[in-house]
Amino acid sequence: MKFLCIPCDVKMEVQTEGIMPEEKQNLVMKFKCKKCDYSIAMLTNKFETEFVSKLGVEMGGASDVSKSPMAAVSSSLAQAKEELKSTNPEDDLIWTEEAEQRIKKVPFFVRGMAKKTVINYAVEKGATTIDAKLMDEVREKVGM
Amino acid sequence: MKTYEDLEGDGGSNIIGQVVQLGEKLRSRLDKIKHKVALMSGKGGVGKSSITANIASCLADRGYKVGILDADLNGPSIGHLLGVGNDLKLETKDDGIEPGHGYQGIKIMSMDMLLKTADTPVMWTEEADATAVWVSTMESTAIRELLADTNWGELDYLLIDMPPGSDRIDNIRSLIPELAGAVEITIPSMLSQHIVTKSITKNNKMGVPIIGLVENMATYVCPHCEKEGKLFAGEDVQKLTERKEIPYIGKIPFDTRVSQSKSGSLFYSEFKDSIAGKAIAETVDNIEKFIKK
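Those protein sequences? They're chains B and A, same order as listed. The first sequence begins at 1 in the numbering used here and counts up one residue at a time. The second sequence begins at 1 in the numbering used here and counts up one residue at a time.
Quick caveat, the hints were computed from the structure, so don't treat them as lab data. In this text, a Cβ means the ideal position worked out from N, Cα and C, and glycines have one as well. There's no promise every hint is true.
Here are some chain A residues pointing at chain B (derived, C-beta under 10 angstroms) [claimed, not checked]: (1) LEU7; (2) LYS89; (3) THR150.
Pulled out of the complex, with its shape left as it was, chain A reads as follows (with noise of 0.2 angstroms):
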């Protein structure tokens, strides 16, 4: 009798052939982007997204071309922060579909993008019996999607918006070999710095680099006077850096202007010789050093 391998072809799918496509596909979209940076968190509530779409504004200041992955399939908030609408009209190609433009040219894709109305949540049906694994298989899927059927063109970087928690990464470095690192995000309170210990330990672990670790709301700054001080109770995260042995990049303190910028218009670009301005700015230069090793 004969054995698989005495057979030819497969069971007539195809199925490795089009996953090789499916690759080439992908490969061949990503190959046009320099640099793709992962900016993450433990918790959420930490500002990852604002984080995220503020050093795409400060790097697009620099005069490099960026784009905006927001991983967040759940939770998508990079459209509203960079003003680009629900009612957004897709344009779709044979090729792929065209990413939104943003403040300042940031091309960003985003779930948010793709749903009917701004309050439809992300279902992948509306039966009630759909399980959990289903869910999870679609999400892995609509990540490969959205990567690789988005023009995406030419890029310097993408910034990859993940979503809370670390279980994604897993995701992204399949489809993403070559990404440069991770930027984790927390604050100062005990909580988000126990919580984002797992993601930087899974990251070691999974062989991420770390670019660094960013403190948010490290501070508070009054927007009268300018003056700091201490916004939560928390050890010195600077601690745990030394602790993990990864770069500390940023401080960034908590501005109320940041929540108060208009969509479309960011913190960055309006308020950039400010304190936290400053922060954002500094944090950029160590991701660029980073990169430029």
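Only chain B is shown next, with the shape it has when bound in the complex (with noise of 0.2 angstroms):
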């Protein structure tokens, strides 16, 4: 799927800072016309998300999580093996478990994208924790 803008007859480009999942699976991605910076918004319902999820790709770009072995299984398995859990050099910055919890919900094909937008907004603020109202933030910040 593509996104032109009609009035500078140019492709909009998709934002990776932007893909913000609700915790029900819904999902937002962002696009902006790099000629007129004009935005718009796709959202896309659960079932349509859902169905993305059949390839194993991820929505803006293949992440680091996605290249780690059993990448879906790991982050979509309730009750795996800790070991089977990959874990990225940028989990120094300690979640708390509500924080967690909503990151859990989030689509495993969406979700290195969500929290590595999570993180980027923690570290260019120089937070340490990621909390519920630090997730909350990212939102307004995304636009939702």
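Two chains, two frames, some hints: make the complex.
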């Protein structure tokens, strides 16, 4: 799927920082026209987002999370063994229980990107802990 | 106004690139495996996993390098049959996960190895409103990952222990187009024969080669005097193979020692000279003949 800015006749570019799914598996992807800076958001319902998952791909491009073995299984399987869970170097940040629960509710194929969005915001802000409040701020920042 | 074709690339997710990458990863793994064989049944409870494990045992006994993919995601039993417990610590490397090494060095990958405890069920979410679509898509993705992200290494045979029913074969067929074929398994009961017919018909329609039909629990063998008797009333299974024009490749009697074998020790390797052991060997002869054709 591609998006065209009609007035400029230019392809709109996906804003990876703007991918932030809702917890109920609805998804928002932001696109921007690099010529006129006009932004739009593509909204999908959970059935549409689930359908994409069959391909085992990530919206916004593959992240490091998807490159680790059994990425989809490890991130989606309830009660998986600990050693199956991949770790990211940025994970020095402390996630509160509530924040962890919220990110776990994000569908696996956009979870990596969503996590990256939150981490980047936290790093930019100088935060050491990711909590529900910070995640709300991220949501607000990406326009949800 | 520009059209889809005028715009370079995709929406920015490089979906095609990602799919190609996933395909290449799977292909590089499968290219090291000579023969891939699916073992399936229509009905559950016909001894499919037990037959799979014992066929693997016989192949390993003949000097082949063998692996088993337990594609029965929700009823995994291969780990138990081959002595790989749920307490096995997973060895995760950048390029994949080490398979479990079962009895006779048979490599296995099963959902049971990935779950926290032996009595944990496979659940893709603990949310009450999980949709059937979500579960189904996750199962397809899981099969791909179990195949592509396991460090199988070089194998002569990869046996795929399918779940009961014929729905998962679509998935396996698209992931492994070079599948050598499917071994169908039934017991003599009319119900089991009725259901396996659907699986045979589906494979024929999909162009999945059928190696043949195995009749499991064909007779009962007394462990004391080795006399055989009938266990199920039903039409001759051989007639079914004639009707469906597929080879009849094995008639395996029920032997109480099959279920009594300790976890980690397979019936075939312990009792290869028994009537059931010889029947398993004959089945493997027929599988080998089909593959060498």
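- Query: What hint numbers does the structure not satisfy?
  - Reply: none
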